[in-house]
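There are 6 protein chains.
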Amino acid sequence: MAAGPACADTALQGQNARQERGEKTLANITGGAGKQVVDSLRDIAPDLGDWIINFAYGEVFSRPGLSLCTRELTTISALTALGNAQPQLKVHIDGALNVGCKPEEIVEVILQMAVYAGFPSALNGIGAAREVFAKRGIKIAARTDPAVPPQETR
Amino acid sequence: MAAGPACADTALQGQNARQERGEKTLANITGGAGKQVVDSLRDIAPDLGDWIINFAYGEVFSRPGLSLCTRELTTISALTALGNAQPQLKVHIDGALNVGCKPEEIVEVILQMAVYAGFPSALNGIGAAREVFAKRGIKIAARTDPAVPPQETR
Amino acid sequence: MAAGPACADTALQGQNARQERGEKTLANITGGAGKQVVDSLRDIAPDLGDWIINFAYGEVFSRPGLSLCTRELTTISALTALGNAQPQLKVHIDGALNVGCKPEEIVEVILQMAVYAGFPSALNGIGAAREVFAKRGIKIAARTDPAVPPQETR
Amino acid sequence: MAAGPACADTALQGQNARQERGEKTLANITGGAGKQVVDSLRDIAPDLGDWIINFAYGEVFSRPGLSLCTRELTTISALTALGNAQPQLKVHIDGALNVGCKPEEIVEVILQMAVYAGFPSALNGIGAAREVFAKRGIKIAARTDPAVPPQETR
Amino acid sequence: MAAGPACADTALQGQNARQERGEKTLANITGGAGKQVVDSLRDIAPDLGDWIINFAYGEVFSRPGLSLCTRELTTISALTALGNAQPQLKVHIDGALNVGCKPEEIVEVILQMAVYAGFPSALNGIGAAREVFAKRGIKIAARTDPAVPPQETR
Amino acid sequence: MAAGPACADTALQGQNARQERGEKTLANITGGAGKQVVDSLRDIAPDLGDWIINFAYGEVFSRPGLSLCTRELTTISALTALGNAQPQLKVHIDGALNVGCKPEEIVEVILQMAVYAGFPSALNGIGAAREVFAKRGIKIAARTDPAVPPQETR
Chain C
1 MAAGPACADT ALQGQNARQE RGEKTLANIT GGAGKQVVDS LRDIAPDLGD WIINFAYGEV
61 FSRPGLSLCT RELTTISALT ALGNAQPQLK VHIDGALNVG CKPEEIVEVI LQMAVYAGFP
121 SALNGIGAAR EVFAKRGIKI AARTDPAVPP QETR
Chain E
1 MAAGPACADT ALQGQNARQE RGEKTLANIT GGAGKQVVDS LRDIAPDLGD WIINFAYGEV
61 FSRPGLSLCT RELTTISALT ALGNAQPQLK VHIDGALNVG CKPEEIVEVI LQMAVYAGFP
121 SALNGIGAAR EVFAKRGIKI AARTDPAVPP QETR
Chain H
1 MAAGPACADT ALQGQNARQE RGEKTLANIT GGAGKQVVDS LRDIAPDLGD WIINFAYGEV
61 FSRPGLSLCT RELTTISALT ALGNAQPQLK VHIDGALNVG CKPEEIVEVI LQMAVYAGFP
121 SALNGIGAAR EVFAKRGIKI AARTDPAVPP QETR
Chain B
1 MAAGPACADT ALQGQNARQE RGEKTLANIT GGAGKQVVDS LRDIAPDLGD WIINFAYGEV
61 FSRPGLSLCT RELTTISALT ALGNAQPQLK VHIDGALNVG CKPEEIVEVI LQMAVYAGFP
121 SALNGIGAAR EVFAKRGIKI AARTDPAVPP QETR
Chain A
1 MAAGPACADT ALQGQNARQE RGEKTLANIT GGAGKQVVDS LRDIAPDLGD WIINFAYGEV
61 FSRPGLSLCT RELTTISALT ALGNAQPQLK VHIDGALNVG CKPEEIVEVI LQMAVYAGFP
121 SALNGIGAAR EVFAKRGIKI AARTDPAVPP QETR
Chain Y
1 MAAGPACADT ALQGQNARQE RGEKTLANIT GGAGKQVVDS LRDIAPDLGD WIINFAYGEV
61 FSRPGLSLCT RELTTISALT ALGNAQPQLK VHIDGALNVG CKPEEIVEVI LQMAVYAGFP
121 SALNGIGAAR EVFAKRGIKI AARTDPAVPP QETR
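Protein chains in written order, with my numbering: chain C, 1 to 154; chain E, 1 to 154; chain H, 1 to 154; chain B, 1 to 154; chain A, 1 to 154; chain Y, 1 to 154.
Derived from the structure by calculation, the hints contain no laboratory data.
Any given hint could be a false lead.
Note that identical chains are pooled: a pair holds if it fits in a single copy or bridges any two copies.
Stated by the list, open to error - Result set (DSBU-like, lysine-lysine): computed pairs, CA atoms no more than 30 angstroms apart in a straight line:
| no. | residue 1 | residue 2 |
| --- | --- | --- |
| 1 | 139 | 35 |
| 2 | 135 | 90 |
| 3 | 24 | 135 |
| 4 | 102 | 139 |
| 5 | 24 | 35 |
| 6 | 90 | 24 |
| 7 | 102 | 90 |
| 8 | 90 | 139 |
| 9 | 135 | 102 |
| 10 | 102 | 35 |
All chains, please: the whole structure from these sequences, using the hints.
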């Protein structure tokens, strides 16, 4: 039962597998932004950075059962509703785009929060989306004639 | 410019179209539960009932651009994160099932809220799901051997 | 500078004045319900009871500058929006009625929260109002014909 | 039952009536600020702008039953309590002044939130009021002698 | 590099170490209650149960740097302030007592939330404490003479 | 029963005692920052400033039964969890250091909020701590080798 050096490596590999899966998922979703957040924690709260990689991305976000786009959209709705985490909301709007969600889908999810968390939450969520879209040069197809009542144009 | 009786009907039809669309979407999503909520408002706040039908369901939830399942999942994540609207969370867990989301997807979305809104929110969200699933006789395929670390079984 | 017994009484009177003002305002607003809450704290957190009387009601709610009805309506909107304090929301819906707010005004304020805090908050606020109104035998004048679109009936 | 062109106009008029009522109420309350918010949404989420005009202002805020000042004060208390919508809080502090609320009433409502949502919420609400008041050159009559205990000066 | 069966055991041991540490800390803090929550998740969300043991208790709560009592008191203040997780608040009031916090300290922490999250949060927090204390037969030493102003009795 | 001038002084002394206690506790905890907040309220909401001194610090924070460090740590966890009061969170991180809490303890409390309020709350709490620590030239002992899994280094 006494494990030799090769086994110590194996134990490390077990941990590393989770870490590698987390790092890969983090990179898939956030590009470099998530890594940057994790790195910025190294001098003050490195374990929080580890938990982000190993737990949040290595365990939760790497799970099968939902597409990464659906994971991102449900994160966006929650952060829009809570309204107290604008930096993270922007990271996940960016992340949603990185994993293939369409800008229009992101806007839809935020709009829907007007019903569930109120108009101020939706407005501030759209503000976050506007910043991220501008940085990426994304333009949403605007309604051609804003004077026409909305239900007619859909 | 003076509109005759036929036109008054038309104006009503415009309003009725929105209302009918709302009632249909409400029924699609909530079965009878949403209608029951709206009806219960008739003696105290009938306009809130109208807004639910005409605005929330007739305008917002009837929009194209997202599947009804994605709309329900993003609602579930938001209500789980806010944690102050258990009755509505149950209605939408039920609603998600009604529009074809799988129970496992609902659980995934709620679990993910452990990361974004904390473990108590996730636990209370699971409590809501358990109630709805029990009422419908839904059983989630449990892990066969809980002693095995989770990453091995997926 | 050494104060005699009469002065000790005076100091007590100063404190008592605040306390009496608080008790009177608490009684004006909540009838016996607030006193009951304060009394129920006597065996576990008597100082919280004192703060409710001396600070919340003796200092804040006794201030001039707003009518008691406006104070109650702004409390109702805040508690409806927060959505995590149903018992207190009911106390203040009751309190608003005690100080002369009309039931219809209370409903209006709660409805408005659909815009600022989302429909679930408004729905749960109406649920609280329904309970309080029922206990007091209050009936809101219902719309005569719910089939007619709301904007026509106002 | 087939409606002619005149009737199509009428249907549009029905929609337009709500829209015009909303635009007028929005202008009454927010001056140009609300319109500016709505316009800023045109290129990313025009429907949210429509909902603000047609639903939030055309349906909810245009209702009889509460003065516009009371509507604004109850909005201010809710947004102060939630604490996650500073831009909207400022718009409504400004709006309260536009519809005739007194600066002192606005301050009273925010102060009261110290009791219902805690001192940080009240402090940040006062910070929002300070900004709006400064922009409009409003000065609150300060207490003449801050060394005197507050209950003596009232 | 290919690890033999003994090594697979070792990898499992690594995982098991975290799990055992989590189970032990969970038992120390919650007695049987936490285990009961985890077990109740087995049929619907077993991974959430694993995360509670392995992450929340095995990684976070098992860290050195804070006494378990301080960890519990800071959890109690947070859950009291959020106000949307009464079941978990009760578990941690119980947990605080299990790890040696005094009932009076728990009450102090909850009272303090009147300042930071408002009186309703403090009141509902005290309600949770009252339930837990009653179940355990704990009595707080009440003030002998409630008529005397509080500052005189301390 | 008519109190003479000496007694008026006594009554003032009673009030002043509470005020002095509050001012002293405020200074102990916040250094000059709390006084600066209170002074900044003099021209818009002087009574809020008085309440901070007389109630929040003179009554609540001056109570025996908890060390000032524990009071500050429980305040930090609550404000981190609420996530809507960053300026006050920074004041209390600073305050915790002023009353002798260790930087590592503050970080521990914030990290723990990842479990109870979600990772975004913890991340933004750490952001507040980083600012305060930087202003005071505080460095946390970083982990020597971030590549090693966290559980090995503790």
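So, going through the hints one by one against the coordinates:
no.	hint	result
1	139 - 35	both (27 angstroms within a copy, 22 angstroms between copies)
2	135 - 90	both (11 angstroms within a copy, 27 angstroms between copies)
3	24 - 135	within (24 angstroms within a copy, 35 angstroms between copies)
4	102 - 139	within (11 angstroms within a copy, 34 angstroms between copies)
5	24 - 35	within (10 angstroms within a copy, 33 angstroms between copies)
6	90 - 24	within (20 angstroms within a copy, 34 angstroms between copies)
7	102 - 90	both (15 angstroms within a copy, 29 angstroms between copies)
8	90 - 139	both (17 angstroms within a copy, 29 angstroms between copies)
9	135 - 102	within (16 angstroms within a copy, 36 angstroms between copies)
10	102 - 35	both (23 angstroms within a copy, 28 angstroms between copies)
Violated hints: none; the structure is consistent with every hint.
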